[in-house]
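Enquirer: Next come the chains, spelled out residue by residue.
Number of protein chains: 2
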Amino acid sequence: MTEKQQLDAIRQQIDAVDEEIQERINKRAALAQEVARIKLASGDDALFYRPEREADVLRTVKERNQGPLDGEEMARLFREVMSACLALEKPMSIAFLGPDGTFTQAAALKHFGHSVNTTPFNSIGDVFREIESGSCDYGVVPVENSTEGVISHTLDMFLNSPLVICGEVVLRIHHNLLSPPGYDWKQAEMVYSHQQSLGQCRHWLDQNLPHAERVPYPSNAEAARHLAETGKDVAIASSEAARIYQLDIATHNIEDEPGNTTRFLVIGKQQAAPSSKNKTSLLLSTKNEAGGLHRLLAPLAEQGISMSRIESRPSRRGVWDYVFFVDICGHIDDPEVSAALKILETEAGMCKVLGSYPEAVL
Amino acid sequence: MTEKQQLDAIRQQIDAVDEEIQERINKRAALAQEVARIKLASGDDALFYRPEREADVLRTVKERNQGPLDGEEMARLFREVMSACLALEKPMSIAFLGPDGTFTQAAALKHFGHSVNTTPFNSIGDVFREIESGSCDYGVVPVENSTEGVISHTLDMFLNSPLVICGEVVLRIHHNLLSPPGYDWKQAEMVYSHQQSLGQCRHWLDQNLPHAERVPYPSNAEAARHLAETGKDVAIASSEAARIYQLDIATHNIEDEPGNTTRFLVIGKQQAAPSSKNKTSLLLSTKNEAGGLHRLLAPLAEQGISMSRIESRPSRRGVWDYVFFVDICGHIDDPEVSAALKILETEAGMCKVLGSYPEAVL
Numbered sequence: 001m002t003e004k005q006q007l008d009a010i011r012q013q014i015d016a017v018d019e020e021i022q023e024r025i026n027k028r029a030a031l032a033q034e035v036a037r038i039k040l041a042s043g044d045d046a047l048f049y050r051p052e053r054e055a056d057v058l059r060t061v062k063e064r065n066q067g068p069l070d071g072e073e074m075a076r077l078f079r080e081v082m083s084a085c086l087a088l089e090k091p092m093s094i095a096f097l098g099p100d101g102t103f104t105q106a107a108a109l110k111h112f113g114h115s116v117n118t119t120p121f122n123s124i125g126d127v128f129r130e131i132e133s134g135s136c137d138y139g140v141v142p143v144e145n146s147t148e149g150v151i152s153h154t155l156d157m158f159l160n161s162p163l164v165i166c167g168e169v170v171l172r173i174h175h176n177l178l179s180p181p182g183y184d185w186k187q188a189e190m191v192y193s194h195q196q197s198l199g200q201c202r203h204w205l206d207q208n209l210p211h212a213e214r215v216p217y218p219s220n221a222e223a224a225r226h227l228a229e230t231g232k233d234v235a236i237a238s239s240e241a242a243r244i245y246q247l248d249i250a251t252h253n254i255e256d257e258p259g260n261t262t263r264f265l266v267i268g269k270q271q272a273a274p275s276s277k278n279k280t281s282l283l284l285s286t287k288n289e290a291g292g293l294h295r296l297l298a299p300l301a302e303q304g305i306s307m308s309r310i311e312s313r314p315s316r317r318g319v320w321d322y323v324f325f326v327d328i329c330g331h332i333d334d335p336e337v338s339a340a341l342k343i344l345e346t347e348a349g350m351c352k353v354l355g356s357y358p359e360a361v362l
Numbered sequence: 001m002t003e004k005q006q007l008d009a010i011r012q013q014i015d016a017v018d019e020e021i022q023e024r025i026n027k028r029a030a031l032a033q034e035v036a037r038i039k040l041a042s043g044d045d046a047l048f049y050r051p052e053r054e055a056d057v058l059r060t061v062k063e064r065n066q067g068p069l070d071g072e073e074m075a076r077l078f079r080e081v082m083s084a085c086l087a088l089e090k091p092m093s094i095a096f097l098g099p100d101g102t103f104t105q106a107a108a109l110k111h112f113g114h115s116v117n118t119t120p121f122n123s124i125g126d127v128f129r130e131i132e133s134g135s136c137d138y139g140v141v142p143v144e145n146s147t148e149g150v151i152s153h154t155l156d157m158f159l160n161s162p163l164v165i166c167g168e169v170v171l172r173i174h175h176n177l178l179s180p181p182g183y184d185w186k187q188a189e190m191v192y193s194h195q196q197s198l199g200q201c202r203h204w205l206d207q208n209l210p211h212a213e214r215v216p217y218p219s220n221a222e223a224a225r226h227l228a229e230t231g232k233d234v235a236i237a238s239s240e241a242a243r244i245y246q247l248d249i250a251t252h253n254i255e256d257e258p259g260n261t262t263r264f265l266v267i268g269k270q271q272a273a274p275s276s277k278n279k280t281s282l283l284l285s286t287k288n289e290a291g292g293l294h295r296l297l298a299p300l301a302e303q304g305i306s307m308s309r310i311e312s313r314p315s316r317r318g319v320w321d322y323v324f325f326v327d328i329c330g331h332i333d334d335p336e337v338s339a340a341l342k343i344l345e346t347e348a349g350m351c352k353v354l355g356s357y358p359e360a361v362l
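Chains A and B supply the protein sequences, listed in that same order.
Residue 153 in UniProt numbering is what sits at position 153 of the first sequence, and the numbering runs on without skipping anything.
Residue 124 in UniProt numbering is what sits at position 124 of the second sequence, and the numbering runs on without skipping anything.
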């Protein structure tokens, strides 16, 4: 066979596969419509979006993936298919902590796919308010190890908000050294970035730019924008920011720890049902007395529930009181979680469930 | 059956369909790799991206689509599948006329899918230079009825560039009246937007904001940004710009003509092979003498070739000379186009083929 004949033969096979893919995507969409019809008939109309179901679908997709496309890219395509099927009913509107081009936007699109409308807001408080008022269906805000802003503010918002956590998104974060086009980055006298990003690249900066002053900025995107305006010095930010502000990437992946991730929360009005792997976030408070925290955590330990994270915050309600944000493995519908919560509700000064939601599908 | 049993039964069907979709997407990716292997073996390494092939795949997808997903959404999903398969070899880098959030970016992502890197540039000239230098693989620039900048500049660039047109993208354009949050748009004393957008909404503005001054801006995105800074008056721009600059959409779709579209060109170094429906763009020149243009177009008419567009521009090379940008139906490999070109090459002062490329898949 000539090269052309070989290629033509393969392309005919691709065409045949495409027809099968298309037929099945439409079959899937029709089945999704059937789900919606049944729910509408029973008045269950608000729950077309089921985070637990989507998480399980994506987990299955990644587990059974044989390649050659890698599991993450395949999950991305399935996210888009689900996003398109869901938009048949009504495209969702998603609020996120802006500006555009931040990791938070990337997290929102990773989680919901591109058949949704995403809207940036200036503050975490604004994101909460948009959802509370019903202007947006869901929101995405950074919560842990983020480079975009003050994250503890996200936790504080839950103190007074009726919203619940219905999902989490984990992004692998790479940091890049950005410089204005044509500028020799070794001449830089200043390195601009969010405090956390500066910290995450400390070792690299010590080695490569020991004399440059490290200047904290409210967000990496703003540091990049500053560079674009002044035309000198360097910033640590994403490749996305380099594109948006037309900066060169002087060096890729300068983070000291490979595998650096940032975690985001998906917030909304409805609690998610259990998926195959869940987390529950709790807000607990106790008197500031010896052994207080230890006693508080006893019910969890007794039920064999593992804790993935704890963070203490001043409650702002009393001089000596503290609140704790605690993430545990499991769903409030799990018997052991439910048993532990019953005890906590009587023993803790406050015990608020911020949400049970599917563990992030990386 | 209870509602839950019904839903569970449908979800099992969805899971089975998902497995079939996944298996076939990976089969497609493996076939695409096989195509790449054959091409590499024959030294044909630069041509992994075949615009004519992609256009034909998308046309077929839309033609055979039975729903419930509509043809455009299905084509979007296939664009992403092809984008992912192509990125298995090497993710392409696409330059576009920025800033971010313009229609041109939307056009680039519509055409290439999300498995590419897109980079904004400040001018059409910069986009051309990035591709000529090899920094980017392809570029996307507006050419017709755009709201983003001076379009004739795109055509002028071809006078001195070795790049060719290897595709076109057509976007349906909707205009929206944007206002700062909380501002009563009826109080506006100024309406900011690109001259063309102001023109395209003239009737609506006459009816609804007859006393507001219409102020032309270099782009709709910049008009929106201006509004975000001043906090008063209104702008005409896309819903994307409203999201980026956090403005309210006071009124949707205020364009006088529904079905308003903007056309973009995909530019690169390689000529596209024929797809099932093609266009060819020509640059022709003639002496400014009576009947000059008529004689110039005779070879096209004689070969029965239809013209989809003609635009005259001063050539800047001689006092009395004009150049014409002419779009015709067909590919330079078609016998009638090739015959007409042979005659044009001897009769026209200049006859440059700017590119033969697949007609846009809407």
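Treat the hints with care, since some could be wrong.
Note that identical chains are pooled: a pair holds if it fits in a single copy or bridges any two copies.
Unchecked claim - EDC-like cross-link-like pairs, simulated, lysine to aspartate or glutamate; straight-line CA separation at most 16 angstroms:
| id | residue 1 | residue 2 |
| --- | --- | --- |
| 1 | Lys62 | Glu19 |
| 2 | Lys27 | Glu189 |
| 3 | Lys186 | Asp156 |
| 4 | Lys342 | Asp248 |
| 5 | Lys352 | Glu19 |
| 6 | Lys110 | Asp18 |
| 7 | Lys342 | Asp18 |
| 8 | Lys277 | Asp333 |
| 9 | Lys90 | Asp256 |
| 10 | Lys232 | Glu336 |
| 11 | Lys39 | Glu347 |
| 12 | Lys27 | Asp256 |
| 13 | Lys110 | Glu189 |
| 14 | Lys232 | Asp126 |
| 15 | Lys90 | Glu144 |
| 16 | Lys342 | Glu302 |
To be clear, the hints were calculated from the coordinates, so they are not data collected in a lab.
Enquirer: Name the hints, by number, that the structure is in violation of.
Expert: Numbers 2, 3, 4, 5, 6, 7, 9, 10, 11, 12, 13, 14 and 15, in rising order.
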